[in-house]
Amino acid sequence: MPVSTTVTGMVLSAMPVGDYDKRLVILTTEMGKISAFAKGARRPNSAYMACSQPFAFGEFTLYAGKSYNVMSTEITNYFGELREDFEGLCYGFYFCEFVDYMTKENNDEKEILKLLYQTLRALAKKTISPLLIKAIFEFKIMALNGEAPQVFGCVKCQKSMTDATPQEDASCTSRYYFSSECGGILCENCRAYDRSAVSINTSTLYTMQFILSKEIEKLYTFKVTDEILNELNRCIRPYLDRYIDHEFKSMEMLKSL
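For what it's worth, my numbering labels the leading residue of the sequence shown as 1, then goes sequentially.
Just to be clear, a hint being listed does not mean it is correct.
[Said to hold, decoys possible] With a Cα cut of at most 30 Å, we get these calculated DSS-like pairs of lysine-lysine:
hint	residue 1	residue 2
1	K126	K223
2	K125	K255
3	K156	K39
4	K156	K114
5	K249	K156
[Claimed, not checked] Beta-carbon label-pair distances, calculated as ranges:
hint	residue 1	residue 2	range
6	E188	A64	51 to 59 Å
7	E227	E59	21 to 29 Å
8	P238	R43	41 to 49 Å
9	T76	G183	19 to 27 Å
10	T61	E227	43 to 51 Å
11	D241	V3	19 to 27 Å
12	N45	S196	52 to 60 Å
13	E227	T127	53 to 61 Å
14	S129	S67	39 to 47 Å
15	K214	P44	22 to 30 Å
16	A192	T127	16 to 24 Å
17	P238	M15	17 to 25 Å
18	S199	H246	22 to 30 Å
Keep in mind that the hints were calculated from the coordinates and are not lab data.
Just so you know, even glycine gets a beta-carbon here, dropped at the ideal spot from N, CA and C.
Please put together the full structure from these sequences, using the hints given.
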C-alpha cells in the first residue's frame, strides 16, 4: 500500500504527459519543489482538471511510488482573476517560471512560496502597477535567495545609507548610484568604480531598502512615482542579467504587452 502524504503548495507549471495525464511542478511548504503526476487530468470532467493548472494553491494529498501521484486536492485559491486577464496571466506565468528556476527539492522554500502567493494576490487585486509588482518581486526573491544587492551602505567605502519608508515625492536632489557590477549602491565619492552605474534619487534608494528589509506581507502596500518606478527597473534588469544566467520564456510574452 503506497504511503500518502499531504502538502500545502502552489502549482508552478503543468505539462501534458501521455494521452490524458499531466506532470505538475508544485512548490510546497513541506518539501520544497516537487513533481507529481495527475492521472487523467486531461480527460473531460476530470476531478483534477482545475487543480492541475498553474496558480492553483491549496492542499495536495500524494502517494509515493516511483514518483509522486496526486490522490486528492483541496484548493483554496485558483487565482481565476488572472486567467481572465491576459496581462495578469503573462505576469503570473513569469513569476511562476522565476520561482521554478530559483527553487529546489528538499529545500526550505516557505518564504519564496509566501512571496509568490502574495505577489499573485497583488496582481489579482490590481491596486498597484504590474510593473511595480514585478520590480518588488524581483528584488525580494533575490534577497530570499541570498543574492540581494547592498543598498544600506556604499559597497566600496561602506558609508551608511539611512533606512526609510518608500517616498512618493521624488523632489529630493540627493543622488546615489546603483552598480550591478559592484553589487549595489555607490556613493558620489565612489562612483568612479563604475561609470556605467545607474543614477538614482534618495526616494528610490529608500524604496529598495524597504523592499529588502520588510516582511513579505507589507511589500505590496505602497505606490511610487513614475520616476522611481523607472529607476527601480533600470537597476534590477541589469542586476538580474548579471547574477542569473537564464532566459525566461515568459519574458517574451511580457515584452509583447
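Now the hints, each set against the structure:
Between K126 and K223 the alpha-carbon distance is near 12 Å, which keeps this suggested pair within the 30 Å criterion. Taking the CA atoms of K125 and K255, the gap is near 22 Å; set against the 30 Å cutoff, the hint holds. A C-alpha spacing of about 55 Å is found between K156 and K39, which places the hinted pair above 30 Å, so the restraint is violated. Among the hinted pairs, K156 with K114 is inconsistent with the structure: their alpha-carbon atoms are about 33 Å apart, more than 30 Å.
Distance restraint check for K249 and K156: the Cα-Cα separation of roughly 35 Å exceeds the 30 Å cut-off, and the hinted pair is therefore not satisfied. A hinted range of 51 to 59 Å holds for the C-beta pair E188 and A64, which are about 58 Å apart. For the pair E227 and E59, the beta carbons lie near 44 Å from each other, so the given range of 21 to 29 Å is not met. Take P238 and R43: their Cβ atoms lie about 46 Å apart, and the range 41 to 49 Å holds.
Checking the proposed 19 to 27 Å range against T76 and G183 shows it is violated: the Cβ atoms sit about 39 Å from each other. For the hinted restraint 43 to 51 Å between T61 and E227, the CB-CB distance of approximately 49 Å keeps it satisfied. Our hint of 19 to 27 Å for D241 and V3 is violated, since their Cβ atoms are close to 44 Å apart. At about 57 Å, the beta-carbon gap between N45 and S196 stays in the expected band of 52 to 60 Å.
Between E227 and T127 the C-beta distance comes to about 20 Å, which lies outside the given range of 53 to 61 Å. About 41 Å separates the C-beta atoms of S129 and S67, a value consistent with the hinted range of 39 to 47 Å. Separation of K214 from P44 is about 46 Å and departs from the stated range, judged on CB atoms against 22 to 30 Å. A C-beta distance of roughly 42 Å is found between A192 and T127, which places it outside the suggested range of 16 to 24 Å.
About 32 Å separates the C-beta atoms of P238 and M15, a value inconsistent with the hinted range of 17 to 25 Å. For the pair S199 and H246, the supplied restraint of 22 to 30 Å holds, since their beta-carbon distance comes to about 28 Å.
Of the numbered hints stated above, those contradicted by the structure are hints 3, 4, 5, 7, 9, 11, 13, 15, 16 and 17, listed in ascending order.
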